[in-house]
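Chains as they are written, first to last, in this note's numbering: chain A, 1 to 107; chain B, 108 to 656; chain C, 657 to 948; chain D, 949 to 1189.
Just so you know, these hints were derived from the structure itself, not from any lab.
Where hints are given, some of them may not hold.
Each computed DSSO-like pair below joins lysine-lysine, with the alpha-carbon atoms no more than 27 Å apart [as the list claims (entries may be wrong)]:
1. D:K1182 with C:K715
2. C:K898 with D:K1016
3. C:K715 with C:K884
4. C:K895 with D:K1182
5. D:K1107 with D:K1149
6. B:K600 with A:K6
7. A:K6 with B:K598
8. C:K902 with C:K754
9. D:K986 with D:K1059
10. C:K902 with D:K1059
A few chain C residues that face chain D, going by a derived Cβ cut-off under 10 Å, partial list only [claimed, not checked]:
11. S680
12. F681
13. I778
14. G810
15. I811
16. L812
17. G828
18. I835
19. L885
20. L886
Built from N, CA and C at the ideal position, the CB exists for glycine as well.
The primary structure of each chain is shown beneath.
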Amino acid sequence: MEKFAKAFPSKPLAAKTAKPWALAGVVGSGNLEVLLERGGRPSDTMECHVETSIPGYKASWLAALADFAHNYPAGGTKVTINDQGAPPVLVNLRLRQAYDHLIKGDK
Amino acid sequence: MNTAKTTLRRQNKAQRLERVARLARGKFVSPDKVPEVLKRIIEPGDRLCLEGDNQKQADFLANQLATLDKKDMSDIHLVMSCITLPAHIQLFKKGMIRQVDFCYAGPQGTAVADFVKAKMFPVGAIHTYNELYARYYIDLTPRVALIAAAQADRKGNLFLAANTEETPAIVEPTAFSDGIVFAQVNEIVDKLPRIDIPADQVDLVVQAPYPMHLQALFTRDPAAITDVQVLMAMVALRGIYEKYEVQSLNHGVGFNTAAIELLLPTYAERLGLKGKICKYWMVNPLPTMIPAIEAGWVESVFAVGGEVGMERYTAARSDIFFTGRDGSFHSNRAMGQLAGHYAIDMFIGASLQIDVNGNSSTVSKNRITGFGGAPNMGCQPTGRRHPTKAWLKAGAEANPGPGSPPGRKLVVQMVETFQAGRVPTFVEQLDAAEPSIRKALHGVTPVMIYGDDVTHIVTEEGIANLAACRSIAERQAAIRAVAGYTPVGLKRKKRETEELRRRGIVQLPEDVGVRPAEASRSLLAAQDIKGLVRWSNGLYDPPPQFVDW
Amino acid sequence: MTRGPLFHEQTARQRLAALVDPGSFDELLPPPERITSPYLAQLGIPVSFDDGVVIGKAKIGGRKVYIAAQVGQFVGGAVGEIHGAKLTGLFKAAARDKVPCIVVIESGGVRLHEGSAGEIAIAETMRAIFECRAKKVPTIAVIGSDIGAYGGMGILSTCCDFRVMSEHGRLGISGPIVIEKWMGKKAYDSSNRALVWKTSGGKTKYLLGDADALVHDDAGAIREAIAKLLGKSSAVTLKAMKTRQKELEKRLKRFGQTADPDAVWKGMGVRNIEAASLASGPEFAAMAKRGK
Amino acid sequence: MKKPSSRALFAKLFGPSAKGISVEKSVLTGYAAAGGTKVCVIGTCDGTYVDNAAALRLAAHVIDCVEKHPKTPIVMLVDSAGQEPNRVAEMLGLASYFGHLLSCLELARRKGHKLITVATGQAVGGAFICYGMFGDRIYALDSASVGLMPVEAMSAVTKIPVPVLRKLSRTMPSLEFGAKPFALLGGVEEVWSAKEDVQAKLAKAIAAASTEDNRAELGKKRGGRKLALDIRKKVLAAAAR
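Just chain A, same shape as in the assembly (with noise of 0.2 Å):
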């Protein structure tokens, strides 16, 4: 297992959002499970902490992460994501899938 976490700038989330947190995923074998919920701090930051199972792709990881935080506002969010492998791809499905949650709900 190896563990981390960092902050990224993000533009601040939007005032109201559907949920306080969402889930996408889920942890399986090449899978993951990302947890986002309102609240992180500061309000202009996207803090993230990732454990996975497969270490050494560390560059990898803060690099989608640093993407996603650029490409949408998440800032004052809380990432966390537990990881039994998932390629990238996946990584930013599921920060995309929780994000969409959060903001408009389950639907």
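With chain A's structure known, arrange chains B, C and D on it following the hints.
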């Protein structure tokens, strides 16, 4: 004119057949006599063709050949589409082979790589299918061809059933050059459903004790399609199929394109694309095509080969598939490849590796596979003259110069940025460029599809329109932009990417109107094999390994 | 001919969202509470914020229910200490509050990584289920996933009042690989998927009477079946036990000598085995009925 | 520890009344007495595998007891290596046979029969869950093998090396196999030594039994299962909100 000298080949053929006259009853040989017959009809120095592509194999004859020793058969120039069977490898191990010219070595790719490493692989060249078939008429004409058919009648006429594939492409050059055609058949019957190869092109026939090997190579279980593949399929549909109004096309074998097929009756139908795209296909009878066919999307399908289990379905849908007068499915590999070269708007397929210039390959140091048919379709046919909407639109984007055709075929590579096990798809340099491989191939790097021919690369990150790039540097930047978090992708520069995106050369899913959160397997028209069987109204008979009911 | 998502492919959370009245699901011990398995953490195995089971309060057809869904992808949906305690707690709450309780099963049984703790948790949950039944609070097991309900969870499902299955669901104790290991590949080939499903799948279970409903592989159909059962319960009475005893004795006597599932199907009145194999759950149910 | 023979064991538990227990294909049914109290006995011996027929025989005996011997305590002896893992058993729904047995026991409990389990030999996996773990109170002889599975078997399935599991089991008794660690989890009320007067202990256990499932409390108190009770309480509290 010296007539005696110009008929030597014919005389030689007669001599060979004379040597086996006592072993055969007319054209018919019993299975236990086959090794002896092979020994007598093949001479040292012969060019020998073994039928077998990625699906259909003359496996009984190949296995019998492998029982011979070097003293029975040597100095052979082997010409064949696919090195597929363990028996094929035996021929090399026994030292019978002087040279081999082939196309593809799927399951034996590792064995071939081992031969290359040991510098024991006497290869002439690795070809594409039509390239090899063409050379059968020029400088690689077989002296003896061992082929496979479904049935023979008492005269030796052959019926090839759904898997006609490359048989005619082998038989014709052999038979019309006084070569010997020896066919293994599954059964001998009084009356054939239809005649695919006339008896006078066939010299010997054996009823094999087991039916020829047929691989269900194109069956993709929808249950194994992932959400990410659905996302890529949605992006491709909107960013390419819809944009260029692609009407005629080929799909490679893979889950990516299977996802597209299964999105036609659902997602694409909702986009109002029915009747506008995907009408004419050069593709094998893929089970994943069934929903689109049933939903009325498809006008016609021509195929290079059959697919196990699709026999009843294709026969029942003879308005769409090419069928013989008996009503059953017909394929032809050479003609299919020709169609895929000249007559389609788009080729879309996947690859294991793509370099920063857009060249792709499935070859690695430990596994040398080769080409098959993809390069025949995944290339620009500069001999093409007829226009279509898609061809012209893609051509215009490419900004043709005064000496180029006005149109372009869409050649699309659709890949995830990582393969299984976190192996990056995008690399700075192809494994195929390894010097030892180049040396074995006489200086040729085994590139599947050249970057100059590729118009688009689709990944889960988005689309890179290579045809619209105006320089090599720009093309590389576009590739890096969609290469995700691979080492190639991590080298992209944000500003460059944004500039390419502004110009529409790089498009993210959002840019083509796809919401990634929507990407879900639930959009697939069928989510498992059983779903396909149901769409087919029970006409599709999947192979047992796919059946769980 | 477009179809909704297949139930067996949905994640636990998607299933719950699709089974209950829109927006009515209120998760208990939700992910932000971060209650994760210390066992897995110690073993260097990724943990999950719901420990493989999502539980909550919801409504189905306006009626209040408690509902749990196991996450099959996470350690095979297996029951560990936390996972099991969540289930026990939910059924205990159901008994206390007299609210029907539904468990959507996707589990191979006890989570081996947590040893006997999961085993005891399953036994405790069984006790809680029977607490519900004593109070006539309906308990329903839904079995419609690829992993199925095996081991202790298979047994647990048979403690509930009712079982709703799809053709994809499997109900048993020993999984196919265990049986193959025990009997030999010749006697039981675990890679023969058709055989595996005919041994433990929803269709056979429905025929024999172990599943109370056999429905489409679709959340809407399952929800409908649940809604029908919510008002009912199956009391544990002497009379009921004697009847069941006779049924099970009869089943064993009739079919105990055959290893062939097709013989059971035929014996239970299925005429056209091939058509029945391909039929959807409800089609199959109808065919079986006609056969009788 | 040497395992006593089945009959010797019955005699220890029930004295001369043990002759009322009949054994057929390693399945026990009968009536006996413990410390002067009449009891109904069901169970398994010889580490047998429980199949459909065995479950039915046990269930039939429970029904008989409920019908003919109201409120007679039921003593469940467990010595079984597991459920019968064969295709016919599974095809016919072994789980349902077990469910039926459990339902019969529940019926007995509701009708005032006390349910006491004594793990005498192997008490492993499905065979323990299908009746023994359903007792009001569960006891084990110290010679009994109680638990999910031995560490070696656990390692074979999880691919976690045996030494790692052994090391962890020092702080996590759940991973250890045996009556004592099982008791630490609350899964067993008390471990009895074969040297003691187990008949007296059994009689006392019957007298003291109550139907309240106390295993989570015990597990917490004894420190072997620290989380279960609190999580359960949290769920109950959250559901009430």
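Right, here's what the structure says about each hint:
1. D:K1182 with C:K715: It holds: about 21 Å lies between the C-alpha atoms, which stays within 27 Å.
2. C:K898 with D:K1016: Since the Cα atoms of C:K898 and D:K1016 sit roughly 13 Å apart, the hinted pair holds (cutoff 27 Å).
3. C:K715 with C:K884: holds (14 Å)
4. C:K895 with D:K1182: violated (38 Å)
5. D:K1107 with D:K1149: Measuring from Cα to Cα gives roughly 41 Å; hence the hint is violated.
6. B:K600 with A:K6: holds (22 Å)
7. A:K6 with B:K598: holds (21 Å)
8. C:K902 with C:K754: Violated, because 31 Å separates the two Cα atoms, which is more than 27 Å.
9. D:K986 with D:K1059: holds (16 Å)
10. C:K902 with D:K1059: holds (21 Å)
11. S680: With a minimum Cβ separation of about 15 Å from chain D (threshold 10 Å), the hint on C:S680 is violated.
12. F681: violated (13 Å)
13. I778: Because about 6 Å separates C:I778 from the closest Cβ in chain D, which is inside the 10 Å limit, the hint holds.
14. G810: holds (4 Å)
15. I811: holds (5 Å)
16. L812: Constraint on C:L812 satisfied, holds at 8 Å.
17. G828: This interface hint holds because 5 Å falls under the 10 Å limit.
18. I835: With Cβ-Cβ at 5 Å, under 10 Å, it holds.
19. L885: violated (17 Å)
20. L886: violated (18 Å)
Checked against the numbered hints given earlier, this structure breaks hints 4, 5, 8, 11, 12, 19 and 20; the rest are met.
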